[in-house]
Every structure is written in structure tokens, then in C-alpha cells.
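Visitor: Given next are the chains, with one letter for each unit.
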Amino acid sequence: MSLQFIVDGLLTGSMIGLGAIGVTLTYSILRFSNFAHGDFMAWGTYATLAVVSAIGAMFGKVAPIAPLSFGWPLFIALVAGMGFTALLALLLDKVLFSRLRSQGQAIIVVMASFGASMALRSLLEFTFTSRPTYFSRAIQIAMPVGFGVRITPDQIALLLLTAVLVLGVHLLMTRTQTGRSMQALSQNAALARIVGIDVAKVVRVTWIIGGALACVAGVMIGILVQIRPFMGFDMLLPMFAAAILGGIGSIPGAVLGGLIIGLAEAGAVQLVGAEWRAAVSFIILMAVLFVRPAGLFGVRQR
Amino acid sequence: MIDLIGYGAFFLTTALIFSLITLGLNLQWGLTGLFNVGLAGFVAIGAYTSALLTTPDDAARLGGFGLPILVGWLGAMTVGGIAAALTGMATLRLRADYLAITTFGVAVVVQLVALNAQNLTGGPFGIGFIPRPFGGLAETPLLFNLSNLAVVSAVTLIAYLALEHLSRSPWGRVLKALREDEGAAISLGKSARFYRVQAFAVGGAIMALAGALQAHFTGFIAPDNYLPVLTFQVWVMLIVGGSGSNQGAIIGSILVWAIWAGSGTLTSVLFSPEQQARAASLQIVAIGVMLCIILLIRPNGLFGDRPRRVRFGKRAKSATGESGSG
Numbered sequence: 014m015s016l017q018f019i020v021d022g023l024l025t026g027s028m029i030g031l032g033a034i035g036v037t038l039t040y041s042i043l044r045f046s047n048f049a050h051g052d053f054m055a056w057g058t059y060a061t062l063a064v065v066s067a068i069g070a071m072f073g074k075v076a077p078i079a080p081l082s083f084g085w086p087l088f089i090a091l092v093a094g095m096g097f098t099a100l101l102a103l104l105l106d107k108v109l110f111s112r113l114r115s116q117g118q119a120i121i122v123v124m125a126s127f128g129a130s131m132a133l134r135s136l137l138e139f140t141f142t143s144r145p146t147y148f149s150r151a152i153q154i155a156m157p158v159g160f161g162v163r164i165t166p167d168q169i170a171l172l173l174l175t176a177v178l179v180l181g182v183h184l185l186m187t188r189t190q191t192g193r194s195m196q197a198l199s200q201n202a203a204l205a206r207i208v209g210i211d212v213a214k215v216v217r218v219t220w221i222i223g224g225a226l227a228c229v230a231g232v233m234i235g236i237l238v239q240i241r242p243f244m245g246f247d248m249l250l251p252m253f254a255a256a257i258l259g260g261i262g263s264i265p266g267a268v269l270g271g272l273i274i275g276l277a278e279a280g281a282v283q284l285v286g287a288e289w290r291a292a293v294s295f296i297i298l299m300a301v302l303f304v305r306p307a308g309l310f311g312v313r314q315r
Numbered sequence: 307m308i309d310l311i312g313y314g315a316f317f318l319t320t321a322l323i324f325s326l327i328t329l330g331l332n333l334q335w336g337l338t339g340l341f342n343v344g345l346a347g348f349v350a351i352g353a354y355t356s357a358l359l360t361t362p363d364d365a366a367r368l369g370g371f372g373l374p375i376l377v378g379w380l381g382a383m384t385v386g387g388i389a390a391a392l393t394g395m396a397t398l399r400l401r402a403d404y405l406a407i408t409t410f411g412v413a414v415v416v417q418l419v420a421l422n423a424q425n426l427t428g429g430p431f432g433i434g435f436i437p438r439p440f441g442g443l444a445e446t447p448l449l450f451n452l453s454n455l456a457v458v459s460a461v462t463l464i465a466y467l468a469l470e471h472l473s474r475s476p477w478g479r480v481l482k483a484l485r486e487d488e489g490a491a492i493s494l495g496k497s498a499r500f501y502r503v504q505a506f507a508v509g510g511a512i513m514a515l516a517g518a519l520q521a522h523f524t525g526f527i528a529p530d531n532y533l534p535v536l537t538f539q540v541w542v543m544l545i546v547g548g549s550g551s552n553q554g555a556i557i558g559s560i561l562v563w564a565i566w567a568g569s570g571t572l573t574s575v576l577f578s579p580e581q582q583a584r585a586a587s588l589q590i591v592a593i594g595v596m597l598c599i600i601l602l603i604r605p606n607g608l609f610g611d612r613p614r615r616v617r618f619g620k621r622a623k624s625a626t627g628e629s630g631s632g
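Chain order of the listed sequences is E and Z. So the first sequence is numbered by the numbering used here: it starts at 14 and just counts up by one. So the second sequence is numbered by the numbering used here: it starts at 307 and just counts up by one.
Derived from the structure by calculation, the hints contain no laboratory data. Check each hint, because a few of them may be wrong.
What the hints assert, rightly or not - Covered stretches of chain Z, as calculated for chain E (at least 3 residues, CB under 8 Å): (1) 398–408; (2) 464–472; (3) 532–544; (4) 595–602.
Remember, predicted model here, so these are calculated numbers, not experimental data. Ideal Cβ placement from N, Cα and C applies to all residues, glycine included.
Okay, chain E solo, but in the shape it has when bound:
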């Protein structure tokens, strides 16, 4: 068995983990499983792609930065895409989720997110058709790093980006007042409200972080694999599994859960074949629910 699966697994795991942060935050603070989260990913990716093409149209072809397959337009576009996805999440919350949330039936909100997911995804399919597209068709030469493992410069850059983002979100959650408010709200909403936490602001920050990170995860998929309207929906099960495995509400848990699932998927692909990849997250999910439903970092629900 080649060790190459470690690189593949870490990369898939980063995408799953970045997405799972949004899932776990929505779940613990707004208390519903957001089935539209995967579609935020896809929308963010298409938005980023649109900005890249717009820059390409304005400035002509921009040479990529030395070893990478992409140049500065992608960085600008990624920031724009993250902003767009955060706005999309805020908008969806405003017109749909917040109104249903105020009725106090969480499962109705889940159902609405299921409907929104279908509508968002099909709208992408309508606009861009289901044909896959790419940020770049250039082929990168993978560098050997020993033990038969190879990695491309793009992959290194994306792993670094993930690490920086995760560290940033972790610091935000533990070192800032907003982050502490978010934690308080997720642990005891009633008490948090009594001590005067600005709930509306926490809700906004939750959507902004979740949406922006979903966009990054989507762009990673776009760079490493391909861009399709279904790209986010296919990530939904791994993201839920990662959030539950890590323990709902825990950001390090979501990232670690994502990495475990990514590595398990990549390992399983070598053993049983790529077509069964999606079953791996399901098996891990079921195993966690049976053995330790609170997850790795979770607290038992009262």
C-alpha cells in the first residue's frame, strides 16, 4: 500500500473540515442541520470562477505565480467569492431561516434548508449547466517528497491556507468577545440571552464564517478536482459525518473529524475502489452514532 493516500487524505480532509466548521457552527448556535451548506460551497466556487473570468477579461491572461497553477486573480476572486457566499448565507437566513426559526420548530428549518438546497443547486445547474468546468487545465508536476509520496505546489499552498484559516477561526472563537459570545450561545442559549449577548450579531457572524469557509472549501475542490453544481451536495454527508465525529460545536473537532474522514476515504479507495468512497463517511457516521454519539470533543447532551 502506497503512502500517497496520506497526501490525498489530508487534502480531502481539509475540504471536508473547512466545510464542517460551518455545519458545526450552524448546528450548535442556530440548532439545525443545514442541508444547504453544500450548495453554499458550490455557489461560492462559481462566484469565484466568475470573478476570475471577469479579471481575465479585463487584464488579459495573467501569468500564474511561479510554481502554482494560478496567479493573483484567484486570490482576489477567492476573497470576493468568500464575501459573496457570506452574503448569500445571510440573505437566505433573512428571507427564510430566521422567520422559520422564530416559530420555534427546528425541524421545519431543516426541511426548509432541504428545499433551499434543491433550489440553489438546480439554479446553478440552470445557469451553468451540469457540465464540469475548471479554474485551470494546466497539469502540474508532482514533486517527490520521500516514501513514494508526491505532492504538487498547489496542494502545498492549499494545505497551508487551510492551516492558516483554521488557526484564525480558532483564535477568533477563543480570544475575541464575539467568539466567546458564540460559545456561550451554543452552550446555553437562555443564559446567554440573559447576560445580554447580542444574539443577532452572533447569528450574523455564524453565517459569515460558515459561508466564507464553505467558499474556500469549494474553491479547493475546484482547483484540485473540478467545478460542478453537485460538488457541494456530494460533500454534505462527509461534512455532517465530520461535524458529528468531532463533536457538535467543536471547531478543532470538525477539522480533525474532516481529516479522519478524508484519510479514511483515501485509504479505503486503495482497498475497495474509488466507487465506494462515499460509503466511508456513512460507515464512520454510523459507528460514531453507535459508540460515541457525543463525538470526540463533544459534551454529552443534557
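With chain E fixed as given, assemble chain Z onto it according to the hints.
Guide: Same frame as chain E, now just chain Z:
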């Protein structure tokens, strides 16, 4: 004229098969408050089970046992019920959302198996030559469609009457009690988990039966028939009809199927053939928006007896109210 009656019969047959799935979902969600977003998986399990049991022997894959159609249907219900019971047992002691995520996973896995387990399911090419009741009448489409309609109506009617009876029986009252006030029901000595697993299993069995009916009605099944959009359609049917009401489930299904089929015809007239795929996705957008609007303005649907309070963790119950205006 005769064509029109034939089409009407065909339309109603399809709509009634959807009604049957919706009835199963209504038992799970409307009556018991169990959120199943993977029902396409249970429908597929039923369709494939029945197809494996009844098709003639096929060298390319396992099975093809050539059994009578009725055996296929019973087998479909059994396997579908067992699959649902196992899913329920694994997750029903946890928060309600976990059931949603798990059923979603079940549907993904069933889809994977249907697509990849070539020697069980025929892979992407599906299974053909599924025996059709009244297959001998296929030369006279009108008679064939009408007899299909008769069979499907009879099965739907039986399921409807049985479910009406069940929901009024002591068993159904326990389910409603659990849905409305879990604590009170448990204090009366009812095992919440036990009853919920039963309800989930019976609902799954009905969905599987619907899958089997459809397989025998079209004579061919493939993994593409059981995509998440099927789950979605059935949910819209139940919400439009009004969850909690069996009449609502049936009427909602016929209504939504009429809208769906009608808008399909409309787009095929309005759009050129190469734009059809795009038009189909626009159709899904429309239905998705419709679902969200109904949830916002009329969550009870047309005939709803919606659960006032849905099963949810104690912690969540206090927290979901007014958590911010966004």
C-alpha cells in the same frame, strides 16, 4: 378521446404510487414526527428487492428467482421495513437531526450499491424484464393502463384504510402522544424508542411497497430513478397536502404531480430540445421555492394536522425560539 383516458389512467397511476410513498412518509413524519430525508433509498430498496425476486434468471447477476409478483411485493415490504427499523434503532435515541442525516446517508449508500454492485443490481444499466401484472394486455394500451390503475388504486386504498385505522387505534394514539408531549407519554409507561422504531419500520415498508409497485408498473428500474429529487418531491407533496392527514397526503401527491407533469409538458413546448435539461432544473427550482413559501405562509398545508411540538432534544426546545432575527 381514448388517448386522453389512457393518459389520464397513466397519470393517475403514477400519482397514486407517489401517494403511497407520501402515506408512508405521513406515518413517519405527520403522525410520529420522524424526519426522513432519505426516503428515495427505501423506495429503491423495495424496487430492487421485488425486481430480484420476480425477474427471470439472469446469468449476468445474482438472482432472478422468477417468483410470483405478490411474493416480490411482500419481500419488498419486509426488506424495506427491516432497513428502516435498523436505521431507526441506530438513531432514534439521539437528537432528531441525526435521523435526518442518517436517512440521507442511507439514500446515498443505497444509490451507491445500486450503481456499483453490478452482479446484484445490474449497475448503471439497471434491471429490465421485470414482470408486469397484465403484461399480456400491453398491446392494448388503454386496457393495460386501466388495469394498472385498478391495481395501484386498490393497493393505495388498502394502505389508506389500514393507516386510518392504525392512527385511530391505541397504537396510533401512542404515536401522537409521543409526538405532542414525549415526557407525558413516557410517564404513562410507553417506550418512546420502541414505538418510534415500529412507526419508522411500517413507514419504510410502505415506501418499499410503492417502489416495488412502480418497478412492476414500468418493467425497468435504474439507479437514476432514486435520486434525492424523489425524496424532495414526496416531501413537497406531503407539505402541500398537510402533514398529519392521510387524505392530505393523497390529494397533495396528485396535486403536486399534476403541477410537476404539467410544468414538464409546458417546458417541453416552450424550450428547444437542447434546452430541456436546463428547463428541468428550473422546474426543480420552482418546486423548491414553492416548498419554502408553503413552509413560511401555510405550514399546515391544505389538510394539515401538523404536530404542534416536534420531537426534539430538551436543550434545543428552549433554545430554538427567537434565536435572533438574523
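Visitor: Which numbered hints are broken by the structure, listed smallest first?
Guide: 2
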